[in-house]
Structures are given as structure tokens and as C-alpha cells.
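All chains should be modelled from the sequences, with the hints used to inform the complete structure.
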Amino acid sequence: MITTFISSFEISNILSLLIIFPIVYITRFYYHHFTRPNPLPGPFPLPIVGSAYQQIGYDGVDDWLLSLHKKYGDMFEIILGGERMIVLCRPDLTENLYVASSKTKYPIRLHSKDGIVEYGFEAGVGLGFNSDLKSWKYNRQFFSQAMMTPSFNHQAIEWTIELWNEMESYWNNLGENHEFDLIIWMRRFTNEMIFKIATGTKNDAIASYYKILINSNSLNEKENEKSDESKKLIESLETHLAGIFHFFAFDNFSRNYIPYIRGKTKKLLKNRDYLSDKVYTIIKERRIEIENTPLDQPLRNDMLTSHITANTPRDINAVKHADVDLLRPMTDKEIYGNILDALLGGTDTTANFICFVAYYLGHYPEIKQRLIQEFDRVLGNDLTRPITNKDLNELEYCDAVTNEIYRHSPMVYLIGRKI
1 MITTFISSFE ISNILSLLII FPIVYITRFY YHHFTRPNPL PGPFPLPIVG SAYQQIGYDG
61 VDDWLLSLHK KYGDMFEIIL GGERMIVLCR PDLTENLYVA SSKTKYPIRL HSKDGIVEYG
121 FEAGVGLGFN SDLKSWKYNR QFFSQAMMTP SFNHQAIEWT IELWNEMESY WNNLGENHEF
181 DLIIWMRRFT NEMIFKIATG TKNDAIASYY KILINSNSLN EKENEKSDES KKLIESLETH
241 LAGIFHFFAF DNFSRNYIPY IRGKTKKLLK NRDYLSDKVY TIIKERRIEI ENTPLDQPLR
301 NDMLTSHITA NTPRDINAVK HADVDLLRPM TDKEIYGNIL DALLGGTDTT ANFICFVAYY
361 LGHYPEIKQR LIQEFDRVLG NDLTRPITNK DLNELEYCDA VTNEIYRHSP MVYLIGRKI
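The sequence shown runs 1 to 419 under the numbering used here.
These are computed hints drawn from the structure, not numbers from a lab. For each residue, glycine too, the CB sits at the ideal point set by N, CA and C.
FRET-style restraints, in silico, Cβ to Cβ:
#1 Asn252 x Asp62: 21 to 31 Å
#2 Asp273 x Tyr30: 34 to 44 Å
#3 Cys355 x Pro91: 17 to 27 Å
#4 Lys390 x Glu83: 42 to 52 Å
#5 Tyr359 x Tyr170: 21 to 31 Å
#6 Asp74 x Val412: 16 to 26 Å
#7 Asp74 x Arg287: 41 to 51 Å
Take a look at the structure:
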């Protein structure tokens with residue numbers, strides 16, 4: 001009977017269905033759109049892609065949202081990934097959403113959309129997109145613990161000074177006539193800094209960029225390979241971060257069947273696989289290193305070592321938790337999530353902030369002069385003297401200036417909540 005039914009279909013019937021299905025889908029899409037509860041102003045959505053098509057032509061998601069804010073005001077709506085989203089642009093509108101309490105009605109930042117899960121940010125992994133509260137609490141404890149240990153902070157300051165001196169030497173070698181692109185240098189600097197803090201290893205991000213600028217041909221094959229690998233890893237992190245919006249904005253059908261979007265999806269997934277393989281390889285190699293290190297020898301003070309040894313006989317953290325759920329060792333997947341969050345979150349945000357500081361100080365010379373006076377008073381005239389934690393605590397005016405700059409130009413422009 002089924003065979004007879006199928007065989008009775010003619011080409012004209014198939015063509016009719018191909019016409020009817022889109023009409024039904026589009027009609028249903030706009031019916032739900034025009035009958036939605038509490039409608040708000042916003043860009044007109046298209047079937048399948050929603051509002052994402054309007055982002056074309058903008059430098060980034062932030063520029064797009066700013067343009068929508070200017071056009072539609074402090075409260076508007078967009079459709080991304082087939083879901084309606086309300087954008088609030090005034091602090092008083094968001095007060096009830098960001099209550100720092102376990103009793104808040106809105107504890108979830110963003111629920112696990114299928115695109116975000118496909119991209120690797122699934123529930124139970126990392127912090128940024130982790131919608132599993134129990135897992136988030138577990139990961140957050142060890143993330144904070146690794147960052148807050150005194151020995152770790154002391155070494156982080158030493159690494160920062162050492163890396164800045166290295167970068168400054170490259171600037172001196174290039175000379176004053178060389179065109180200077182601050183944001184590229186700062187991204188390299190912050191990437192190498194967070195990579196060192198997170199993994200305890202040096203990825204030569206600054207050195208590789210310097211060698212690109214001078215077109216160095218004196219490197220041997222091994223040095224060239226190391227420089228190329230460093231460049232590839234940095235570009236992979238930047239691509240992975242930029243790709244989050246793609247998997248958030250487009251639904252499964254768009255990502256897999258619309259030609260241009262499908263091509264970009266494949267490239268981003270290929271990059272995701274490369275990046276995850278690199279991070280997992282680093283974790284595996286560090287586990288082997290720790291296993292081969294004698295018990296009487298100290299281990300590295302970095303986030304990766306802290307995570308691997310947590311709740312094991314080699315634990316480098318003295319603080320123990322009373323919560324039973326926090327007393328088990330971390331799995332490689334949990335470690336991977338935290339390390340990747342650190343690498344992604346510690347590069348662009350810090351680099352952009354340093355550039356904003358330079359921008360504002362250039363426009364307000366009187367503030368710059370007061371900063372110089374405080375530096376001279378606290379640090380003295382010896383520019384080679386190592387900076388200590390005590391020095392940083394005494395830079396009160398510097399702290400006030402950076403806080404004010406961050407207030408005017410926040411690095412994180414979008415914080416979501418699931419309602």
C-alpha cells in the first residue's frame with residue numbers, strides 16, 4: 001500500500017510539496033512573530049536566520065548591538081538561533097537579573113543551545129557557558145583557588161615583568177620609525193601571558209610576531225616550526241572566540257544546509273578540533289611530567305598543575321574543602337574547560353583594556369601627569385627595580401584611573417540571563 005502511494009506521486013506532486021512546505025513554514029514563522037506576547041521594537045526577522053543577517057557589515061557583535069541600541073532604544077528584541085532574546089541597555093532594567101545570591105530567580109547565564117554544545121561549550125564544561133550549577137560551582141572553586149594562591153600571584157608578577165621587558169627590547173630593535181600597531185602587540189602580550197599563567201609554558205607569541213615583522217630568514221628549521229606553531233595557535237584561539245556568535249546565532253538547519261553558513265561552520269569545527277587537540281595534548285604531557293617528578297621536588301605554580309593535582313597526594317594547594325562534592329580530582333574534560341576559558345577570556349579583554357587605557361591617557365594629559373607622579377613616588381627612578389605586591393597596593397590613583405576607564409569602556413559588553 002505504501003509502495004503504491006509513493007509510486008502514484010508524480011513530479012508535479014513533488015514540486016507542489018516543495019512549494020507548500022516553505023509557504024507553511026514562513027506563514028507559521030510570521031504568525032508566531034506577530035502574535036508574540038509583549039512585543040518590543042527590533043530588527044525585522046527573516047525565516048531560518050532570524051535577525052542574524054543584519055549583523056553583516058559590522059566589525060563585530062558589539063558594533064551591531066550599539067547600532068540597534070541607537071535605533072530602538074534601551075529595550076529591544078532580536079531573534080538568534082530561532083529564539084527570541086530581549087536586550088536591556090540600562091543598569092536599572094537589569095538589577096533584578098544580577099542578584100548575587102543562591103536564591104536568585106535567574107541563576108543561568110545562557111542555556112545550552114544545540115549550537116553552543118556542538119561548538120564544545122556543553123553543560124559541565126568550563127565556566128562561561130556551563131549551565132549545570134553543580135558543575136559550575138565545582139569548576140569555579142578550583143579556578144579561583146589556582147588564581148588566589150600567594151605563590152602563584154607572586155610568580156605571575158615576575159612573568160609579566162619578564163615578558164614586558166622582552167617585548168620592550170623588540171620595540172627598541174624595531175626603532176622609532178617603525179609603524180606601531182598597539183592592539184596587535186597587546187594581543188600577543190596578553191595571549192602569551194595568560195598561556196604562561198594557565199599552562200606554565202611559554203608559547204613565544206611575542207617573539208613569533210617580532211620575527212614576522214623583521215622577515216627573519218636566519219632561523220633554523222626547528223625555530224621556524226616553533227614560530228609557525230605559535231602563530232597558528234594564537235590565530236586558532238582568535239578564530240574560536242569569534243566563532244561563538246556563529247553557533248549561537250544560527251540554528252542547526254542553517255549551519256548544515258545553507259551554503260555560505262555551512263562552509264563557515266565546517267571551518268570553525270575544524271579549528272575547534274585543532275584547538276581541543278592542542279589543549280588536551282598539553283594536559284596529557286603535564287600529567288606525565290607530574291607523574292615522573294619525584295615527591296621531594298616542587299611542582300610548577302600554574303593553573304594546569306593546580307587542577308591536575310587537586311585532591312591528589314601531589315596537591316599543591318593547602319586549602320581543603322568541607323563540601324564532599326569538591327573533594328574528588330578533576331577529570332581531563334573539566335580541566336580542559338577551565339584552561340580553555342582562561343585562554344579565551346584572558347586575551348582580547350585584557351589587550352583591549354590596555355589599549356583603552358592608552359587612548360584615554362592620550363586624551364587627558366593632566367591625568368597622565370598625575371599617574372607619572374605617583375609612579376615616581378612609589379617606584380622611584382630605578383626602572384629596573386622589580387615591582388612588588390606592596391608597590392601595587394600603594395598605586396591608589398592608578399587603581400582609581402583604571403576603574404574609571406573600565407566604567408566608561410567595559411570589556412565585557414554582553415551578559416546574558418535565561419528567563
